[in-house]
Amino acid sequence: MFGLDTKDTRLFFFVAVLVAFAPFLMNPFPTESGLAQFNGGYPDLMQRFVIFGIFAIGFNILFGLTGYLSFGHAAFLGTGSYAAVWMLKLLTINVIPAIVISTLVAGVMALAIGFISLRRSGIYFSILTLAFAQMAFALAASVLTPITGGETGLQTALNDPRILDFRAEGGNIPAPSLFGLEMRASYEWLVGGWSFTFNVGYYISGLFMLAALYVAIRIFRSPFGLMLKAIKTNQNRLNYTGVSTRPYTLTAFVISGMYAGLAGGLMAAMDPLAGAERMQWTASGEVVLMTILGGAGTLLGPILGAGFIKYFENIFSKINDSILHSWFSFLPEGLENVMVTILHPFVGKGWHLTLGILFMLVVIFLPGGLMEGMQRIGKMFSRKKKSDETDGKATVPAE
Amino acid sequence: MEAFIIQLLSGLDGGSAYALIALGLTLIFGTLGVVNFAHGALFMLGAFCTVTLQRLLSLSHEVIDESQKDFLGNPLKVKVPYLQDWFGEATSNAIIDWSVPLAILFAIPVMILIGIAMERGLIKHFYKRPHADQILVTFGLAIVLQEIIKAYFGANPIPAPAPEVFRGSYDFGLLLGFEPNRIIYPYWRLVYFAFAAIVITAVFAFLQFTTFGMVVRAGMADRETVGLLGIDIDRRFTIMFGLAACVAGLAGVMYTPINSPNYHMGMDFLVISFVVVVVGGMGSLPGAVLAGFVLGILQSFASMREVIEVIPGINQVVIYLAAIIILLTRPRGLLGRKGVMED
Amino acid sequence: MGILEVQSVNKRFGGLQALDNVNLDVEEGKVHAIIGPNGAGKSTLLNCFVGRLMPDTGTVMFNGKSLLGLKPHEINQAGVSRVFQTPEIFTELTVLENVMIPALAHRDGAFKLNPWARMRSEGGIKDLAEHTLEDVGMAEKRHMTASSMSRGDKRRLELAMGLVQEPKLLLLDEPTAGMARADTENTINLLKHIGETRGITKIIIEHDMEVVFSLADKISVLVQGHVIVEDKPENIKGNPKVQEAYLGGAHE
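Top to bottom, those sequences are chains A, B and C.
Just so you know, my numbering puts 58 at position 58 of the first sequence, and the rest follows in order with no gaps.
If you want my numbering, it's the position in the second sequence, counting the first as 1, plus 1000.
If you want my numbering, it's the position in the third sequence, counting the first as 1, plus 2000.
Don't read these hints as lab results, they were simulated from the structure.
All C-beta atoms in this analysis are idealised placements derived from N, C-alpha and C, irrespective of residue type, glycine included.
Be a bit skeptical, because a hint or two may be false.
[As the list claims (entries may be wrong)] Only some residues are given here: those of chain A computed to face chain C with a beta carbon under 7 Å:
#1 R218
#2 A230
#3 N234
#4 Y240
#5 T241
#6 V243
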């Protein structure tokens, strides 16, 4: 369907169903239960799942296919955010122009940075992209303050021109919307002890992520994608095969830069605020970690990685001692305190520790990332089911 | 002219910090080919060696001092360091005052052990893994180390002052025939520069003049051949890792009076040290040192008011700009060799 | 007029004269072998044809156009394919994909932006690649990853990657080096078979005299960077200069 083969169609629909039902899936625990802490189904977090999913899918098109490890993709994310906020300020509070322009601006910037950085490969390429991104970050935080708002960041204001909108006198700063449908609008559904939130911004971002995934699948399955994979394996040989590799890597770089810009634009559309910290190297590093953690070069991996990191960041950082005490209140008091003391360093402000340990565990035991873990589990089941079928020619790397 | 000399001097000490960290990093990253994101954490651990020693030295017990009374007329309890019981007050105060330089002695064995433990326990298994995996696992390790330090020492910077005698500033201008107080320079920064020079020389001498160093250098150039000669290159690489951790740690120890140690100081230095190593050229120790000083001095000159007025913001980006220009004109950095990390 | 004309090519590495006034005239449709002892400059010469090295002086004309200064991919697009001595394949991809890549490069040129096309719809390219794999006897292994191939299979895959582009000129760098006797004979037969069916002009660099004499239409003997003889195989064997410099002198 849509030009995808059966396996890819299934994958796509799987993700589409996940996105559609995420408000249920992410909120499996009743609001009053002790486990409600683990509910991730609130709009802000779900938006982040899909937006960082887009960022990571795009990064994977460059890194997973060509093997070029960019350490400066946050520059495109940040630029996308700034461009989007400016559109919301100047043109209209409707998010469509903001999202389109942010993608294009990031694309142009990626073309310029990629054109220079791709003159080198390996670690030299990584450092060049890092240097460009750090420059963008430093300039955005200092000299470019008139454009970027400096350290306080750029945001919409009541007296912005918004030349395409009718301006009401007085009132509040308008919220970003899609033809009047505000991004922050949510419908809350209470069933029994559960509460499910359906947020406009989340679903719009989710649609964009599905589109992004679809484009990525098409690229993976195209002759163009095959060339990118060949670049990763043996770029030198590809040159002697009559392929000019630079245009391929540059195209991949620009596409992944546009994904980052789209993600940045969506972030600004959800919450019309853009700050320089979005461009910092830690933000670039985060998308690298998401992609590797999920499984570089796979279609689903980056989305998983993004979801995984964002979930832990938000859920573990919220857990505090009183919550821990409530969990272990069934234990005798001495034991309860012991458990709380043991777990205390891993949650709340210490959630980074958990994340660091998880990184290490995943990379030590699952070199192919979370996707490899899923495949191993899948294999365990399928082996039981069709043990009589011959393994045959199953050496094609799974995606 | 004075401004020029001041900037040159402050460039030298900034540069020596970069050079020291990059030297340790290039021992691992430039030669073993391991992308070690935990290197900044080693620097940070070094700094906390100072803090630990300082705390150990100030371990106290309470005694009742009859000569001091609180407002109710009761004798005051005062804390007396154990050191004071052992060596008397003057010596004890001197030792505590000198805790930063003393921490060097403390940090050397500790950091070597940490480095060896890290290599044996973790990094060893990642030599043949892709760089991406190395990044993930060492980044994870860096976070874990950082968080452990934070859990133990707290999130706030902990001051670790230099010894009393080095706290002032030296009037460098007098030496060069300027008016007094035109070029003044903190003593400790001079000490840091001299210390960096000593460490760098020692590492070079070690690699240049010992058989161990010779084998390691041969191993960097061609690991397989050295392995075929029946030399256990892995054992030597373990020691190299210990050495690198030690250099990073010492850089951290001596940096504490300049910047009070905090748990994320390693991450702050991480990016810049990678830039320094690559600009210097992969696999080149002199390159790392050279690049450290070049970038440190450039940074310092770019911070001059006169320069910023002409090119606003240049002080923020000069290092990265220089890195880009160097990498584009010299594909392997300043002194890089062919074939290192180019597969 | 030959398809490849090499005139007075010189290449110096420091103090070493790697190529000394080399002249070569390769006729269309023929197999031209370049032999010579180790270090005679055979590979250096080949590298000058494919854009890896730039000669200090001299000209390399292919079909009347100079190859010098062109990038490797431009030379390939002009119709010169190279089969590497040590297999240079795309190890993580399947055997079939390995052959489809050069086929695509041949059809689409050095760069084509077609992220929306689908590999599944590339039936023509797939058929072509499968036929070529059949020719080299690897059809049944087409879905295996290239890294899992034996050394001999990798060499055959290399050959298929060169052949699938239907080049005007195929450069074979020691196609049988390090092969067992039986494999060498297979490869000779394969090359002969290809010669009969496809009629591609070939330049073979080779150590193995048996391979050379059973395949070549013409032989150039390269010694210390200099072509000392260029003649038909039957005349080479009896040539005293060759015997002295090569056949008699070196025991390899």
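For this session: Starting from the hint list further up, note which numbers the structure goes against and sort them upward.
Result: Per hint list: zero violations.
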